[in-house]
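J.: Take the sequences, apply the hints, and build the full model.
Quick note on the numbering used here: the sequence shown kicks off at 1 and runs consecutively.
For the record, the hints were derived by calculation from the structure and aren't laboratory data.
All C-beta atoms, glycine included, are put in the ideal place defined by N, C-alpha and C.
Hints should not be assumed to be uniformly reliable.
[Stated by the list, open to error] So the derived label-pair ranges between C-beta atoms look like this:
id : residue 1 : residue 2 : range
1  : G348      : D411      : 32 to 40 Å
2  : Q99       : N349      : 54 to 62 Å
3  : S336      : A218      : 44 to 52 Å
[What the hints assert, rightly or not] DSSO-like mimics (lysine-lysine), calculated; alpha carbons at most 30 Å apart, straight line:
id : residue 1 : residue 2
4  : K226      : K200
5  : K122      : K158
6  : K143      : K155
7  : K143      : K200
8  : K188      : K227
9  : K213      : K143
10 : K91       : K155
11 : K297      : K24
12 : K360      : K188
13 : K446      : K410
14 : K387      : K27
15 : K381      : K453
16 : K541      : K73
17 : K345      : K387
18 : K213      : K369
19 : K147      : K387
20 : K213      : K147
21 : K632      : K24
22 : K360      : K345
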Amino acid sequence: MAKQNIVVVGAGYAGVSATKFMAKKFKKNDDVSITLIDRHSYHTMMTELHEVAAARVEPNAIQYDLQRLFCRKKNVQLVTDTVTNIDKDTKTVQTKNGQYPFDHLIIGMGGEPNDFGTPGVKENGFTLWSFEDALRIREHIEKTVAKAALEPDAKLRKAMLTFVVCGSGFTGIEMIGELVDWKERLAKDNKLDPSEINLKVVEALPTILNMLKRSDAAKAERYMKKKNVDIMINSPIVEVSPDHIKLKDGSTVATHTLIWTAGVKGTSDAADFGLETARGNRLVANEYMQAKGYEDKNIYIVGDLVYYEEFSNTPTPQIVQAAEQTGHTAATHIISSINGGQSPKFKGNYQGFMVSVGAKWGVANLFDKIHLSGFLAMIMKHIVNLKYFFDIRTGYYMFQYIMHEFFRVKDDRNVARGHTSRNSNVLWSVPLRVFYGLVWFLEAFKKIVGDGKWFTPSTWFGEESWFKGDSVFPWTWDYQSITDAASGASEAADAASGASDAGADAAVEAGNTIFGLSYAYGEEPMAVIENSPDWFMNIMKTIMPNMEVAMFFQKMMVFVEIGIALCLMAGLFTWLFSGATIILVATFCLSGMFYWVNIWFIPVAFALMNGSGRALGLDHWVIPWLQRTLGKWRYGTPKSLYGQK
1 MAKQNIVVVG AGYAGVSATK FMAKKFKKND DVSITLIDRH SYHTMMTELH EVAAARVEPN
61 AIQYDLQRLF CRKKNVQLVT DTVTNIDKDT KTVQTKNGQY PFDHLIIGMG GEPNDFGTPG
121 VKENGFTLWS FEDALRIREH IEKTVAKAAL EPDAKLRKAM LTFVVCGSGF TGIEMIGELV
181 DWKERLAKDN KLDPSEINLK VVEALPTILN MLKRSDAAKA ERYMKKKNVD IMINSPIVEV
241 SPDHIKLKDG STVATHTLIW TAGVKGTSDA ADFGLETARG NRLVANEYMQ AKGYEDKNIY
301 IVGDLVYYEE FSNTPTPQIV QAAEQTGHTA ATHIISSING GQSPKFKGNY QGFMVSVGAK
361 WGVANLFDKI HLSGFLAMIM KHIVNLKYFF DIRTGYYMFQ YIMHEFFRVK DDRNVARGHT
421 SRNSNVLWSV PLRVFYGLVW FLEAFKKIVG DGKWFTPSTW FGEESWFKGD SVFPWTWDYQ
481 SITDAASGAS EAADAASGAS DAGADAAVEA GNTIFGLSYA YGEEPMAVIE NSPDWFMNIM
541 KTIMPNMEVA MFFQKMMVFV EIGIALCLMA GLFTWLFSGA TIILVATFCL SGMFYWVNIW
601 FIPVAFALMN GSGRALGLDH WVIPWLQRTL GKWRYGTPKS LYGQK
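T.: Put into structure tokens, the structure is as follows:
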């Protein structure tokens, strides 16, 4: 087969989805090469731009380096460049810095804000359609509130503290929701009363959130009004000035901040490619996403840029689900044309819509049947986002998403109301970490010392030593032998009853030692589980079928426990070994040989998983070093430009 060059222009949702799918299918085909071109070296999670714009998460939380996304995809070449033209005759993609021949071309350059020609939007408004837009809005709001806090003119101050979002689609409502959450922090940092910050949504239509069922949209509207958001419907904006906006009815709203989210159109960068366009600058394609009139050139249009009417006068929606599905359709058709076989036509499958109104509340409509709001809707949104990372096979960024959304958030701005994201100083857990490690060390070392002397090594490692302290594998003992031994110990205690109390105590102590329990006075400790479950016993008997194997594990586990203890005291891999102790204690509990008086081992282990090894511990140096070393090994060194020699 002749060498096949596939070029994908645009690393948005559609481009990444298509490239990932083709890279997998052509993994073993050395005759196929894929080139992904984007003006940035990263993929932006567009659905979370509002979180950066309103300072819920840091900018890097929604930036995903392309090299990390496509690590070890040897058939994918990454290029950071701007496409300037597509020569359809020579089948060449021309960029500012070079040109790339193609046998198959996917154009997924996305869209851009549509201001519908409204005067002043470009000059005086803010759009929310790119990573740069989000940073610009964030910086502007912070500076504007800071200036307003020092403004003595009450009228001017009010205008500066009035923030208006134009458009009540998903982007607009999610942006205003983040501002609701942010205004408390903005007010506090600038010594303002939060009630001085006014939030408004301006919508030209008579209803909001028109992709949702009316009942779901009504819930969102009630929630926003409860949060003192002014929703102005039937209010088209006809002009935007630096200090106010003008509505169609002639009224004005004094504001220094208008965030425009009212519409989307195809990117103007593709306007000169000579392909057929439809309304909104979108490029027309057929059911396989092939550009109309250029099917023989193998040119495909995907994502927000494509115009395909699956139903009469209803083009594919400009949402993430449609972008991924159009990308998958184009990729499938290319795979079929190279490998042979049939490819399915595009068929939209939109499993639901959801919108967050801030970090803690949202609404969702799933499969047109399930309606959620509040906490459950937000959980569902996070699940959908996590599924996206699974779909594009990036465990690294899935982990980063979890950390940014649940554990590294300030001001309680997450679905858990901040309960998972308190930034506490782990220094105070260091004494607990050292004590916990020391307890493990002493308990393990008892099994080595046995009846010997602690400071006389020659007396250690007696046969009886391995059964001192808590027995790790009690299920390997013959039950009748243990019963007889216990009975003998009890008889010894009875026989000694006529003698001194010390003799009786010694006999009882001997019986307790057999059961791996050492206590002197007070109530007899109660086992967490009296009798081991049959399924657990069967598993253990399979792992350790005889006494020789059991003894090996018994001795090995002593040194494992000592190793865990030393690592905990030194603060090395604290999270990992704290988790290991939880598993060990759970195993001891199931064995029927762990007691409620020591159940504190489990909550302490959970407490130490807060990163306690980062303070006065080796994790302070080891973990960052491992992250750098392993990251470089797996992903290479991130670059600002890809495609350069």
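J.: Each hint should be assessed against the structure and marked as holding or not.
T.: The hints, checked one at a time:
A beta carbon spacing of about 39 Å between G348 and D411 agrees with the range 32 to 40 Å that was offered as a hint. Look at Q99 against N349: about 37 Å separates their beta carbons, and that is not inside 54 to 62 Å. A hinted range of 44 to 52 Å for the beta carbons of S336 and A218 is consistent with their spacing of about 45 Å. Between K226 and K200 the CA atoms are separated by roughly 13 Å; this keeps the pair inside 30 Å, and the hint holds.
For the given pair, K122 sits about 23 Å from K158 by alpha-carbon distance, which is consistent with the 30 Å threshold. Only pairs whose Cα atoms come within 30 Å are accepted, and K143 paired with K155 is accepted, the gap being roughly 18 Å. Distance hint between K143 and K200 is fulfilled; the C-alpha atoms sit about 19 Å from each other, no more than 30 Å. Distance check on the hinted pair: K188 and K227 sit about 17 Å apart at the alpha-carbon level, within 30 Å; holds.
Pair hint K213 plus K143 does not hold up; C-alpha atoms about 38 Å apart against a cutoff of 30 Å. Proximity of K91 to K155 is assessed by CA-CA distance (about 60 Å); at most 30 Å being required, the pair is judged violated. For the hint pairing K297 with K24, the CA-to-CA distance comes to about 24 Å; that is within 30 Å, so the pair holds. In summary, the hint linking K360 to K188 is supported, as the alpha carbons are separated by about 20 Å, within the 30 Å threshold.
Simply put, K446 and K410 have alpha-carbon atoms about 46 Å apart, too far for the 30 Å limit, and the pair is violated. This hinted pair checks out: K387 and K27 have alpha carbons roughly 23 Å apart, not beyond 30 Å. For the proposed pair K381 and K453, the alpha carbon gap of about 61 Å is over 30 Å, so the pair is violated. A C-alpha spacing of about 44 Å is found between K541 and K73, which places the hinted pair above 30 Å, so the restraint is violated.
Straight-line distance between C-alpha atoms of K345 and K387 comes to about 24 Å, which keeps the hinted pair within the 30 Å bound. This hinted pair checks out: K213 and K369 have alpha carbons roughly 10 Å apart, not beyond 30 Å. For a cut-off of 30 Å, the pair hint linking K147 to K387 is broken: about 42 Å separates their Cα positions. A C-alpha spacing of about 41 Å is found between K213 and K147, which places the hinted pair above 30 Å, so the restraint is violated.
With a C-alpha separation of about 23 Å, the suggested pair K632 and K24 falls inside the 30 Å cut-off, and the hint holds. A C-alpha spacing of about 39 Å is found between K360 and K345, which places the hinted pair above 30 Å, so the restraint is violated.
Checked against the numbered hints above, the structure violates hints 2, 9, 10, 13, 15, 16, 19, 20, 22; every other hint is satisfied.
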